[in-house]
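Enquirer: Produce the complete structure using the sequences and hints provided.
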Amino acid sequence: MWSLSQIAGSIHEWLSTTFNPTIALVLEMVIAGVAIIGLFAVLGLVLVIMERKVAAWIQIRLGPNRVGPKGLLQSAADTVKLLVKEGMTPDGADKFLFNLAPFIAMIVAMLLMAPIAFAKDFQLWDLNIGILYVSSVSSIMVISILMAGWSSNNKYSLMGAMRSGAQIVSYELSAGLAILTIVVLTGSLQVSEIVQSQANGWWLFKGHIPAIIAFVIFMIAVTAETNRAPFDLAEAESELTAGFHTEYSGMKFALFFLSEYVNVFIVCAIGATLFLGGWMPFHIGNWDAFNHVMDYIPSSVWFFGKTFFLIFLIMWFRWTFPRLRIDQLLNLEWKYLLPISMVNLLLMTALAILGWHF
Amino acid sequence: MVEELGKTTEGDLVINVGPQHPATHGVLHLVITLNGETIKNVEPHLGYIHRSIEKMSESLTYRQFIYVTSRMDYLSAHINNHACALCVEKGLQVEVPERAQVIRVIMDELTRIASHELWWGAMAMDLGALTPFFYAFRERETINEIMEETCGARLTMNYMVPGGVLQDLHPDFQRKVKEFIQLYKRKIHEYDELVTGNIIFQNRMKGVGYLSPEDAISYGCSGPVTRGSGVSSDIRKRYPYEIYDKLEFDEILETGCDSFARYLVRIREMEQSVRIIEQLIDNIPEGDFQAKTKAVLKLPKGEFYQRVETARGELGVYIVSEGGTTPYRIKYRSPGFSNLSVLNKIATGSKLGDLVAMMGTLDLVIPDIDR
Amino acid sequence: MQNEELKTIIAELLPAAAFEEGGEWLTVQVEAADLLALAGKLSNNPELNFNYLFCLTCVDWKTHLTMVYHLRSTQYNHHLVLKVKLNRDQPDVETLSAIWRTAEFHEREVYEMFGVNFLNHPDLRLLILPDGWEGKNPLRKDFEDPINMIKL
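Residue numbers (the working numbering), protein chains in the order written: chain A, 62 to 419; chain B, 9 to 379; chain C, 47 to 198.
For the record, the hints were derived by calculation from the structure and aren't laboratory data. Watch out, some of these pointers could steer you wrong.
Listed below are the simulated SDA-like cross-link pairs for lysine to any residue, each with C-alpha atoms no more than 25 Å apart in a straight line [as the list claims (entries may be wrong)]: (1) B:Lys195 to A:Ile121; (2) C:Lys182 to B:Ser67; (3) A:Lys216 to B:His37; (4) A:Lys131 to A:Met111; (5) C:Lys187 to B:Thr334.
Expert: Next up, the structure:
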């Protein structure tokens with residue numbers, strides 16, 4: 062059966078037999094880089110069209126339905142439009158920072174792709190601190206938003222950036238603690254080991270109530286961290302027109318847009334890895350026949366299925382809830398989520414020490 | 009903006025909300041002095057869509073000037089026309105046929121529902137929830153179709169004329185209105201499920217934009233804004249016109265004095281409007297739809313004042329006549345203008361995010377304010 | 047309270063007041079100098095309690111301006127119309143914004159549209175007309191805009 066790891070393996074074999082090891086390594090890196098950029102572009106297209114279709118479905122309308130079959134090429138057409146649009150830089154802007162900010166957002170999103178296990182044995186870089194790497198690199202995201210807001214020389218942008226700074230920094234704590242609860246269970250920060258530890262059941266089911274609480278907190282915190290509604294205060298359109306990217310147009314705007322969607326994908330991938338077993342198929346105890354059928358579904362399908370389910374959840378939030386106010390947003394984090402996740406972590410630690418989980 | 013800049017102290021941020029801004033729903037220009045996220049002062053600058061309808065009306069005849077008023081508060085076009093028609097009729101002392109009166113009231117109430125539907129969707133959109141807008145338009149579309157059939161227009165309807173209504177009802181009118189009522193009753197619970205009961209929404213609305221009853225009166229507020237503060241102000245109840253005194257409906261009063269109270273008033277007002285329509289729709293009397301009036305109307309010398317309850321509050325039409333075919337002076341007392349004046353009072357000290365909630369519950373329609 | 051009763055009370059409050067007949071509501075003509083004092087009494091008098099100023103406007107009679115104030119009491123549901131004649135060349139009148147806050151906005155509108163100068167107004171500046179507007183007041187009868195005028 063064809064699987065992503067087999068394809069990767071045969072490419073590796075072919076390269077190492079044809080070229081000397083150094084060139085083979087360089088070529089492999091180039092291929093990986095191109096693949097990531099390709100995935101980036103495809104994700105952008107797919108997620109945008111998905112968002113619009115989900116929105117349309119929730120809002121009892123049709124959504125894009127003109128370009129291509131059922132409007133599926135709409136986001137490709139939009140990309141072309143954004144590419145050929147003029148990228149304006151305001152006169153009063155700090156030009157260097159203004160132009161740099163979207164690229165930082167983009168680079169951060171790309172860096173985050175590295176430790177994600179897309180399928181069985183198919184991972185760019187299985188470093189032993191994978192989860193720590195993700196949560197630390199994603200913090201850089203706030204710098205690009207602050208940079209964009211500050212350099213635009215626009216009061217709306219500045220306010221959006223300040224809101225975003227306060228928001229991302231605070232919600233990272235909850236997200237981090239929610240991640241830690243799973244790390245406590247697995248005893249490892251390595252993505253492959255975390256996935257492997259869920260071979261006999263996903264942590265969401267094995268970890269009792271603390272895991273479920275951690276999952277809920279994680280979903281709330283990452284929604285806030287990616288600036289998605291109902292936490293989209295940084296770009297609250299009815300208050301700040303477009304927040305930190307008010308002054309951006311053309312491709313520079315598209316990069317922000319793209320990085321937002323890729324970030325959503327990444328946090329959902331992390332969520333799927335930690336709580337829903339990554340690429341692990343769904344197994345129930347000793348129902349061997351059932352488990353066997355589940356094994357036939359390719360691991361990449363499992364991974365993307367879970368990830369897109371979580372993405373759908375986040376989109377569902379966006380099209381249902383009104384936006385929070387800035388003080389309510391911070392109250393929610395500091396007065397509710399953070400204490401709850403701290404207690405939850407303690408509970409989980411106790412569970413792990415006593416070995417009460419499955 | 010220059011004046012506001014002069015009043016700031018160090019650390020203040022002056023921002024222009026509008027004239028082009030997603031939350032002002034039109035060309036309202038607010039100059040806001042902020043300290044961090046906290047509002048220190050809100051100063052409206054008007055006139056971006058001022059068409060000087062009052063001046064224009066001075067050179068239009070008593071038949072013509074009514075059509076301009078549909079463009080004032082475009083969401084209650086029928087009710088604006090109604091006020092003008094009533095005022096001219098008061099001057100002419102014309103008795104309007106009962107059929108016309110009933111038709112007018114049904115149209116008014118349909119307009120009120122349509123206006124509140126749009127307000128509901130737009131206000132939820134201000135708070136960041138886009139979906140309610142589409143749900144509101146689903147019902148509003150049915151009303152628009154009814155309007156289109158009978159009046160020929162979907163937004164700036166011109167149907168009420170001095171003496172009655174312009175033409176008779178469309179044959180499908182009754183059936184379609186009943187269908188709408190069915191649809192409305194089937195769907196209204198979705199409004200509560202989607203927005204009213206939402207915990208985020210309630211937190212955004214409760215305790216926000218406190219308007220005390222004394223201030224509501226002193227600032228000349230009217231309509232749901234005052235009723236949200238527990239002040240009875242429904243012109244239909246207090247100073248009935250047409251057949252409102254024969255109808256059964258409740259004046260909705262909430263005592264919360266905050267944005268949520270104003271929100272509830274409007275939501276429950278829609279139910280009352282449906283109740284009024286239900287009483288009338290099967291009992292439209294036969295007869296003329298227009299009283300016999302002269303081709304050229306001349307009002308006697310004098311002053312005439314007529315007020316009606318629009319979706320936004322008390323609309324007054326003040327006609328000063330010199331006995332000619334055109335009014336000597338017309339003043340429209342628009343509800344939005346007075347309601348806007350209270351914005352600075354209730355917004356000072358709250359967060360920028362609350363401002364859109366307050367503006368949403370004041371239900372500002374800019375052409376109504378600018379006239 | 048009926049018009050006749052109102053009339054007697056107001057005649058007591060301000061003997062100089064002249065009553066106009068024919069309108070729907072009791073109409074009182076007062077001098078500009080007496081306006082503020084009478085307005086204060088109208089809103090403070092517990093029997094009258096005119097707490098709601100629902101319409102404030104001005105009429106240009108070519109020879110003079112007339113300020114028109116429509117008042118009502120939300121408590122007793124009675125109405126009163128106050129009228130003040132103003133000199134067309136120097137229209138000065140006391141502001142009523144201290145008594146009814148809604149007057150502040152309406153007076154700003156009248157100020158720019160008719161050029162009535164409201165004394166002691168807290169914030170008397172242009173509201174609707176663009177900043178730096180020069181020339182006549184648009185709602186006066188002799189206003190003509192030579193550039194944009196469309197004659198009907």
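Enquirer: Does each hint fit the structure? Answer for all of them.
Expert: Verification of the hints:
About 13 Å separates the Cα atoms of Lys195 of chain B and Ile121 of chain A, which keeps this hinted pair within 25 Å; it holds. For the hint pairing Lys182 of chain C with Ser67 of chain B, the CA-to-CA distance comes to about 19 Å; that is within 25 Å, so the pair holds. Pair hint Lys216 of chain A plus His37 of chain B holds up; C-alpha atoms about 16 Å apart against a cutoff of 25 Å. At roughly 12 Å between alpha-carbon atoms, Lys131 of chain A and Met111 of chain A fall within 25 Å of each other, so this suggested pair holds.
Of the supplied pair hints, the one linking Lys187 of chain C and Thr334 of chain B holds, its CA atoms being roughly 14 Å apart against a limit of 25 Å.
Checked against the numbered hints given earlier, the structure satisfies every one of them.
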